[in-house]
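Number of protein chains: 2
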Amino acid sequence: MNTVILSPKDQRERFRNNLEVRNTSGLCEGFMQANLVILPKEYAFDFLLFSKRNHKPCPIVDVLEPGAVKPKVADADIRTDIPKYRVFKSGELADETTDIKSYWRDDFVSFLIGCSFTFERALNEAGIEMLHQKEHKGVAVYITNIECKKAGIFHGPMVVSMRPIKKSEIVKSIEITSRYSHTHGAPVHVGDASLIGIKDISKPDYGDFIPYDENEYVPVFWACGVTPQAVALQSKPSIMITHAPGYMFISDKREI
Amino acid sequence: MNTVILSPKDQRERFRNNLEVRNTSGLCEGFMQANLVILPKEYAFDFLLFSKRNHKPCPIVDVLEPGAVKPKVADADIRTDIPKYRVFKSGELADETTDIKSYWRDDFVSFLIGCSFTFERALNEAGIEMLHQKEHKGVAVYITNIECKKAGIFHGPMVVSMRPIKKSEIVKSIEITSRYSHTHGAPVHVGDASLIGIKDISKPDYGDFIPYDENEYVPVFWACGVTPQAVALQSKPSIMITHAPGYMFISDKREI
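So the protein sequences, as listed, match chains A and B.
In terms of numbering that gives the first Met the number 0, the first sequence opens at residue 0 and continues consecutively.
In terms of numbering that gives the first Met the number 0, the second sequence opens at residue 0 and continues consecutively.
Keep in mind that a hint or two might mislead.
Since the list gives no way to pick out one identical chain from another, each pair is judged satisfied if it fits inside one copy or across any two copies.
Stated by the list, open to error - Below 20 Å or equal to it, Euclidean Cα-Cα: the simulated EDC-like pairs (lysine to aspartate or glutamate) are: (1) 8 to 128; (2) 83 to 98; (3) 149 to 105; (4) 40 to 64; (5) 55 to 174; (6) 165 to 12; (7) 133 to 106; (8) 51 to 64; (9) 83 to 168; (10) 149 to 106; (11) 148 to 64; (12) 149 to 74; (13) 8 to 174; (14) 149 to 64; (15) 148 to 74; (16) 71 to 146; (17) 55 to 12; (18) 149 to 124; (19) 51 to 41; (20) 171 to 215; (21) 51 to 128; (22) 149 to 19; (23) 235 to 174; (24) 83 to 9; (25) 165 to 19.
Since the hints were derived computationally from the structure, they do not count as laboratory data.
Chain A with its partners taken away, still in its complex shape (with noise of 0.2 Å):
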């Protein structure tokens, strides 16, 4: 654990000078942590046009001008200060790099996405307790059969994390969370995983599934930031680049 807490700035540069290359979870806490998707200024009508129409799995916090490489959310470089980077290129990793500057194009358009950091905090702030946070492991992902609305070449199923939440304050997450609509919203779903296309919720696509006692929990459902990057692929783009699982952009911006 980190026993100096460092300025989204200051952690941000160590990334950037590669003195540090980890994951971004529990870091500058309090400031807002964010997804990146970068395309081709083709792509970048067909993105934007999706994300509006998926705001719970796509909540944009920030779009940079085609070859911009400073967010409004940061004094930062977007092609250096995240710790990891993947590079695709017609929809295979062809690169998982610490800086992205030789990839680096004028029509690029980046895209800066909420994360459920925000709202996990917010819970947490509630005094509701994650099991995965408890177990130090990672969120439960699946891919779901709720199909996106579609914009232009970007279709695909929603992405959602799935954290049990006790019986007793289901409700409670749901007004929290649905206050934060820019790190995905109140829920997407509650309870049956069969309803939403998952047919083992013990074998999550991505993360871990933490056992838990149905007596007392119940499985909640929100949209997944992953949701974009695999719909993105799926629809093969020349190139896109995003941030490594977990290694997020650190915004200057104070969590509301």
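Starting from the known structure of chain A, fit chain B onto it as the hints suggest.
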């Protein structure tokens, strides 16, 4: 006044067949009406990003794919079902017409933008009267010194509509309209017009000024759907098509 209340579909059919050419104020009550902006695809990303960054003046309610003529919010043809259109070339009015089929191109992207009719109705239902309605005039509209957030080629000042509201009803007016984020939301300013760059409140840039008793009323300013048109025109796109002021698109969607 209409004696028979037509369904949106029947009313649009009358427009489509040019059986009627009139402004849509008061028509198909309870159904959402919308502003229209049509731009070639090359401008679509910038415009969508502009609307995202300037949600109050530019609340998008529907975006059609390039070349598509059927909105999601109505069983309609965007090229014929508005009573009157305006065609602008390089920022200049080139034509006013009841049908844009002859202008249509496969790369045209149509944006439908929320309109204040919805929140005016909500205010009415809460017992808040609007002076311009009582006098059957147009609402007063002003160009302000509030700069919109730039996106690509699109930038310029926010345009606002002003309604004098009774001092005792200001809080209620703000509470009510803040619920209607898809139709401009809460006001952008209350009171002293000079603070937002309006030199003479009795001389609106568009519409009619209705004199009011300053002891009883305060001017309240809402972001106006004219903004995106005004801003888009400033940047002189090669072609842009809009509805004619007051001649709105009537959707099949209930106002909520």
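A quick look at each hint next to the structure:
no.: 1; hint: 8 to 128; in the structure: neither (29 Å within a copy, 51 Å between copies)
no.: 2; hint: 83 to 98; in the structure: within (7 Å within a copy, 53 Å between copies)
no.: 3; hint: 149 to 105; in the structure: between (27 Å within a copy, 19 Å between copies)
no.: 4; hint: 40 to 64; in the structure: both (9 Å within a copy, 16 Å between copies)
no.: 5; hint: 55 to 174; in the structure: within (15 Å within a copy, 25 Å between copies)
no.: 6; hint: 165 to 12; in the structure: neither (40 Å within a copy, 54 Å between copies)
no.: 7; hint: 133 to 106; in the structure: neither (43 Å within a copy, 52 Å between copies)
no.: 8; hint: 51 to 64; in the structure: both (17 Å within a copy, 13 Å between copies)
no.: 9; hint: 83 to 168; in the structure: neither (36 Å within a copy, 53 Å between copies)
no.: 10; hint: 149 to 106; in the structure: between (24 Å within a copy, 18 Å between copies)
no.: 11; hint: 148 to 64; in the structure: between (24 Å within a copy, 12 Å between copies)
no.: 12; hint: 149 to 74; in the structure: between (33 Å within a copy, 18 Å between copies)
no.: 13; hint: 8 to 174; in the structure: neither (33 Å within a copy, 38 Å between copies)
no.: 14; hint: 149 to 64; in the structure: between (23 Å within a copy, 10 Å between copies)
no.: 15; hint: 148 to 74; in the structure: between (33 Å within a copy, 18 Å between copies)
no.: 16; hint: 71 to 146; in the structure: between (31 Å within a copy, 17 Å between copies)
no.: 17; hint: 55 to 12; in the structure: neither (31 Å within a copy, 36 Å between copies)
no.: 18; hint: 149 to 124; in the structure: neither (36 Å within a copy, 37 Å between copies)
no.: 19; hint: 51 to 41; in the structure: both (17 Å within a copy, 19 Å between copies)
no.: 20; hint: 171 to 215; in the structure: within (15 Å within a copy, 43 Å between copies)
no.: 21; hint: 51 to 128; in the structure: neither (31 Å within a copy, 34 Å between copies)
no.: 22; hint: 149 to 19; in the structure: neither (39 Å within a copy, 36 Å between copies)
no.: 23; hint: 235 to 174; in the structure: neither (37 Å within a copy, 45 Å between copies)
no.: 24; hint: 83 to 9; in the structure: within (17 Å within a copy, 57 Å between copies)
no.: 25; hint: 165 to 19; in the structure: neither (37 Å within a copy, 60 Å between copies)
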